[in-house]
Amino acid sequence: MVAPTELTEAPNHLALQMRGISKTFGPTTVLRKVDFDLRAGEIHALMGENGAGKSTLMKIAAGLIDQYDGEIYVGGKHHRMVSPRDATRAGIAMIQQELSLVPELAVDENIFLGQEKVRSLFIVDREQQVRAAREVLRPLDFHGRIDQPIAKLRVGEQQLVEIAKALVAKARILIMDEPTSALSINETERLFQVIRTLAKEGVAIVYISHRMEEVVALADTVTVLRDGQLIGRMSQEKANRREIIRMMVGRELQDVFASGKSETSTRKQVLEVQNLRLENPAPTVARSMLVQNVSFSVGAGEVFGLAGLLGAGRTETLEVLFGLHPGTSGGEVRVEGRKIRLLTPVDAKAAGIALVTEDRKRDGLVLGAGIDRNAELAVLRTIATFGLVSPNEELELADRTIRNLGIQASGPRQLAGTLSGGNQQKLVIGKWLLTKPRVLLLDEPTRGIDVGAKAEIYRLIGTLAEQGLAIVLVSSELPELTLLSDRILVLCEGRPTALLSRDQFSHETILEYASPGGSVQPAFSEMEVAR
Amino acid sequence: MKRVLTSTRNFLLQTKLFWGLAVLYLVGVFSSPINRKGINIFLSPGNQSDVLRQVSNNGIIAVGMTLVILTGGIDLSVGSMMALGSVVCAMLLTQQGWTNASFLAIPVLALVTFFLSAYLVPLIAINAVRGSARPMEKANPSVRWCGIIFGAILAILSVWWTVGQLGTKFGVLGVLVAVPAVGLVFGALNGLFITKGKMQPFIVTLAMMVAILGIARLLGGSNMAVHPVYTGTNATENFDILRALVFQIIPVPGIFFIFAVLVFGFVLKVSTFGRYIYAIGGNEQAARLAGIRVDQLKIAVYAISGMLACTAGVLYTAQYRQGKPDAGAGAELDAIAAVVIGGTNLMGGRGSMIGTLVGVLIFGFLGNILQLRNIDSNTQLVLKGGIILAAVLLQEGQLGVRWKQIRSYFKVIDSGQEAGAKSRQVEEASK
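Note that the protein sequences, when read in sequence, are chains D and A. Each residue of the first sequence is one higher than the last, beginning at 1 in my numbering. Each residue of the second sequence is one higher than the last, beginning at 1 in my numbering.
Since the hints were derived computationally from the structure, they do not count as laboratory data. Any given hint could be a false lead.
[Unchecked claim] Have a look at the derived ranges for each label pair, beta carbon to beta carbon:
#, chain 1, residue 1, chain 2, residue 2, range
1, D, 217, A, 393, 53 to 61 Å
2, A, 116, D, 332, 47 to 55 Å
3, D, 468, A, 393, 49 to 57 Å
4, D, 114, A, 378, 42 to 50 Å
5, D, 66, A, 266, 40 to 48 Å
6, A, 116, D, 408, 40 to 48 Å
7, A, 198, D, 97, 27 to 35 Å
8, D, 66, A, 262, 26 to 34 Å
All residues carry an ideal CB built from backbone N, CA and C; glycine is no exception.
Assemble the whole structure, with the sequences as input and the hints as a guide.
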C-alpha cells in the first residue's frame with residue numbers, strides 16, 4: 001500500500017470535493033473511503049485498471065448511483081447526489097463511454113433535450129435552437145450538420161454534441177469516461193484541443209482513461225485508484241509512465257504479463273472464415289454493412305486477436321460466428337474442414353464453437369441462480385435421462401468446474417451474482433469448456449476484473465491454447481492483445497485493414513491501421529478494388 | 001448462540017409464506033361462527049372440502065401461470081381459454097353429430113396427437129435404447145420418421161375414436177382429452193406470436209383474451225349461450241363424476257389441482273425443462289447463448305398454460321352444470337394474484353410451485369373466512385386487494401432496505417440544513 005501523496009497547493013478553488021466515498025455492490029466492495037479533490041480549471045486524470053473503481057466514483061459524483069457512503073461538496077457546499085438531476089443542478093455533467101444521445105433526434109434537439117427553447121407555451125422554436133446550438137458548437141470545431149439526426153454522425157462528432165449538451169446545461173465540472181476509445185487519431189487530437197480550451201475557461205475536467213500517452217500529454221494532475229482504494233495523486237511534473245503503471249498495477253508490469261509464446265507455423269486449421277459479412281439493421285449513409293470481407297483462419301492451439309476501435313465490428317464478427325445474426329449475415333465458415341450452417345447458437349454449439357460474451361452479467365450468467373445451475377446450462381441434456389436431471393452428475397459437473405478453473409466460492413450452490421468479476425468470468429468460460437468446444441471465441445475476457453484474476457485468465461487462455469483449442473480473442477486493451485495473440489487482424493469500420501504477425505505487433509501500428517482514414521495493408525486494399 | 005439465532009431467523013424468513021398461511025388458518029378457526037351443535041364451521045370437513053373445491057379451478061390455472069411467469073412472461077388469455085373450454089365441453093357433451101364444437105375439437109385433437117407423438121417418440125426411443133447412456137442432442141432421421149409415422153397412426157386413431165363418439169355424444173374421457181387439446185393449440189398460438197412474432201406477452205395474450213372470448217361466444221351461436229348439461233335426457237350421465245366427492249370428502253376438482261401441482265412441481269424441480277424455464281426467466285439472453293431452444297420452450301409453456309385453463313373449463317362445466325362463455329371472467333387476475341402471493345417474481349426466474357399452492361390456499365381461505373363472517377362482497381374485494389399488496393411487500397419489498405433508505409433520506413435533509421446553516425454563518429463571518 002502506498003500512502004496518498006500530499007498535494008502541495010492549498011485546497012482553494014476546489015470545484016469538487018469527495019470525502020470518504022465508499023460503495024459496495026452486494027458482497028463486493030468497489031470503493032473504500034476514497035477522497036477526491038478537483039480544482040476549477042484543471043484537467044484531472046483518473047487512472048486505474050479495469051475494475052479499480054474510477055467509473056463508479058465518477059458515477060456517484062454525477063448522481064448515477066444513489067446509494068453510497070461519504071460526503072460530496074461542490075464549490076464548498078454539501079450535496080447529496082441521489083439522481084442525475086441533483087448533479088445537473090450542482091453543475092456536474094458526465095459523458096459516459098456509451099453516449100446517451102437519442103439517435104433519431106437532430107443535433108440541436110439533443111443538445112436542448114429537456115430544456116427546449118420554446119416560442120409560445122410549448123411550441124419548440126427550432127430556428128432559435130439551431131442558432132443557439134451553432135453558437136455552442138463553434139468553439140468545439142464541429143463539422144456536421146445541426147439539423148441532422150445524431151445517428152448520421154461519426155462517433156467523434158457525437159461526442160462533441162455531448163460536450164455541447166453539458167455546456168448548455170452550464171456544467172462547471174465535466175467528467176469524461178474513456179472518451180477516446182472510439183476515436184481515430186485525428187479526432188483524439190481535436191478532442192484534446194477542446195478539452196484544453198474548456199479548462200482555460202475555468203471548467204474542471206475529470207478525464208478517465210487507461211491510455212498512458214494521453215494522460216501524460218493532457219493532464220495537470222493524476223489520481224490513481226486500485227481495487228477501490230486511492231493509491232496516490234501527483235502533479236503533472238512528477239507524473240511519469242513507469243510510476244503511474246506501478247501505482248495502477250501494484251507491482252512491476254513484467255510480473256503480470258510474463259509469458260513465453262512459442263511460434264508454431266504448421267498448425268492444423270480448425271476455424272476457417274471466408275468473406276464474413278453482416279448487414280447493418282439500421283443502415284446509415286456511412287455504414288450499410290457492420291462487417292464485410294472478413295476472412296481468416298485459426299489453427300489448433302493458436303490465439304488469434306481481433307483489434308479495432310469501438311464500433312469496428314469485432315464483437316459483431318464473433319456474434320456472426322456464433323449464429324446470432326441469421327438472415328442478415330453471410331459468408332462461409334468451416335470448423336475442422338466441415339462447412340457449417342450458422343442460424344442459431346444451437347448450430348454453433350453443435351459445431352463446437354463457444355462464445356464468451358463481453359458482458360458476462362447481461363449475456364453470460366443467470367445471476368440469480370447458483371454456480372451449479374449456470375455451469376450445467378449448456379450441457380444439461382447430457383446429464384439427463386428421460387428429461388430428468390441426475391443430481392449426482394449435476395454436483396459433479398459443478399465441482400469439476402470450480403476445481404478446474406480455480407473459482408473461489410463457498411460451494412457449488414453459491415449464487416453467480418455474488419461471485420467476484422474474475423470468478424464470474426471463470427464460470428462463464430468453465431460453462432463452455434464443458435461442451436468440449438473446438439473453437440473458443442473470447443470477447444473482452446478481462447473487462448472489469450482485478451489484476452490478479454486477469455493474470456489467471458491469461459494463464460487459462462495459454463493452457464487452453466496448448467490443449468489445442470483455436471481461440472479468437474477480442475480485446476480493447478492493446479497490451480493484453482499483443483501479449484496473448486499469435487496473430488492479429490485489425491478491423492476498421494467493419495473491414496479488415498491489416499493482418500499482423502507477432503514481430504509486427506506494436507501499439508502504434510495497430511492504432512494506425514485501426515483508425516478510420518489510416519493505412520490499409522496492400523492485400524486488403526486490393527480486395528477492395530476488386531469488388 | 002448467535003449462530004442459532006441467525007439460522008432460526010433465516011429459517012423463519014424462508015418459510016414466511018407458510019407462516020402466513022398458518023396465521024390465516026388460525027384466524028379462520030377463531031373467527032369462525034359456531035353452529036348449534038357446537039361445531040366450528042370453518043373446521044368442519046364440509047367447509048374444508050368446499051374450500052378445496054372453490055380454489056381448484058383457480059389453482060389449476062395458477063399452475064400454468066406459474067410456468068409462464070417463471071419464464072418472465074404473462075398469460076392474460078387463460079380466463080377466455082377457460083370459457084372456451086367450458087363451452088366446447090358442454091357442446092360436446094350435449095349435442096350429437098357435427099357441431100361447431102366437434103368441428104373444432106376433432107381436427108385439433110388429431111393435430112396435437114400427431115405433433116406430440118412425433119416429438120416424444122424419438123425422445124423416448126433415444127433415451128430407452130441408450131439406457132443410462134447419454135441421449136443425443138438430435139435424433140437421427142430414421143428415428144424421426146418413426147415418430148412421424150407413429151404420430152400419424154395415433155392421429156388417425158384419435159379421429160376414428162372421436163368421430164365414433166359423435167353419434168352418441170362425447171363421454172367423460174372424450175371431453176377430458178379433446179378440450180385440453182383445444183387449449184393446448186390456442187396456448188401454442190400465444191407462444192408462436194410471442195416468440196416468432198417477437199411481440200410482448202402482455203399484448204399477445206391480451207389480444208387472444210379478447211379473440212378467444214369471441215370464439216367461445218360464436219361457437220355457442222349466441223352471445224350468452226348456456227348449454228345445459230344435465231337438464232332433460234340429452235346429457236352424458238357419468239359426467240357427474242367430475243364434481244363428485246372421493247371418500248365423501250375430497251372433491252374431484254381438488255384432485256385435479258393437487259395432481260397438476262405435483263406433476264408440474266416435479267417437472268420444475270428435477271427436469272431439464274424446469275431448469276430451462278428458470279434459466280430463461282433468470283436471463284433469457286444467457287439461456288439463448290447457451291444453445292438452449294428458448295423459442296420452443298416458451299411455446300411449450302404457453303401451450304401448457306392454455307391446456308390447463310381449458311381443463312379448468314371442463315371442471316367448471318361439471319361443477320355448475322352448464323357451459324358459459326363468461327365462465328372465466330377475471331380468472332386470469334385471480335391466477336396471477338395467487339402466483340404472486342406465492343412468491344414468484346413477475347420478472348421471472350424466481351419462484352416455486354409449492355409457493356403457488358400456498359398462494360392459492362391463502363386466497364381461497366381468505367375468501368372463505370370472509371364469507372363465513374358474512375362480509376359484504378365489495379368489502380371482500382378491498383380486503384383481497386390489501387392482502388395481495390401485503391403479501392408481495394413481504395416477499396419482494398425488502399422492507400429492511402426500504403426502511404434504511406427512508407431513514408437516510410431524513411438524515412440528508414437534516415445534514416443539508418446543517419450544512420446550509422454553516423455556510424450561511426461562514427458567509428456572514430466573511431462579510
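Pairwise beta carbon distance, residue 198 of chain A to residue 97 of chain D, judged against the given window 27 to 35 Å: 29 Å, holds
Outcome for the supplied range 40 to 48 Å, where the beta carbon pair is residue 116 of chain A and residue 408 of chain D: 46 Å, holds
Status of the given 47 to 55 Å range, CB of residue 332 of chain D versus CB of residue 116 of chain A: Roughly 38 Å apart at Cβ, these two residues miss the hinted range, so it is violated.
Satisfaction of the hinted span 49 to 57 Å by the C-beta atoms belonging to residue 468 of chain D and residue 393 of chain A: About 55 Å separates the Cβ atoms of residue 468 of chain D and residue 393 of chain A, which means 49 to 57 Å holds.
Distance restraint hint 40 to 48 Å, applied to the beta-carbon atoms of residue 66 of chain D and residue 266 of chain A: Check passed, 42 Å falls within 40 to 48 Å.
Whether the CB-CB distance between residue 114 of chain D and residue 378 of chain A falls inside 42 to 50 Å: 44 Å, holds
Whether the CB-CB distance between residue 66 of chain D and residue 262 of chain A falls inside 26 to 34 Å: 44 Å, violated
Cβ separation of residue 217 of chain D and residue 393 of chain A, checked against the hinted range 53 to 61 Å: Given about 55 Å between the Cβ atoms, the range holds.
When each numbered hint is compared with the structure, violations occur for hints 2, 8.
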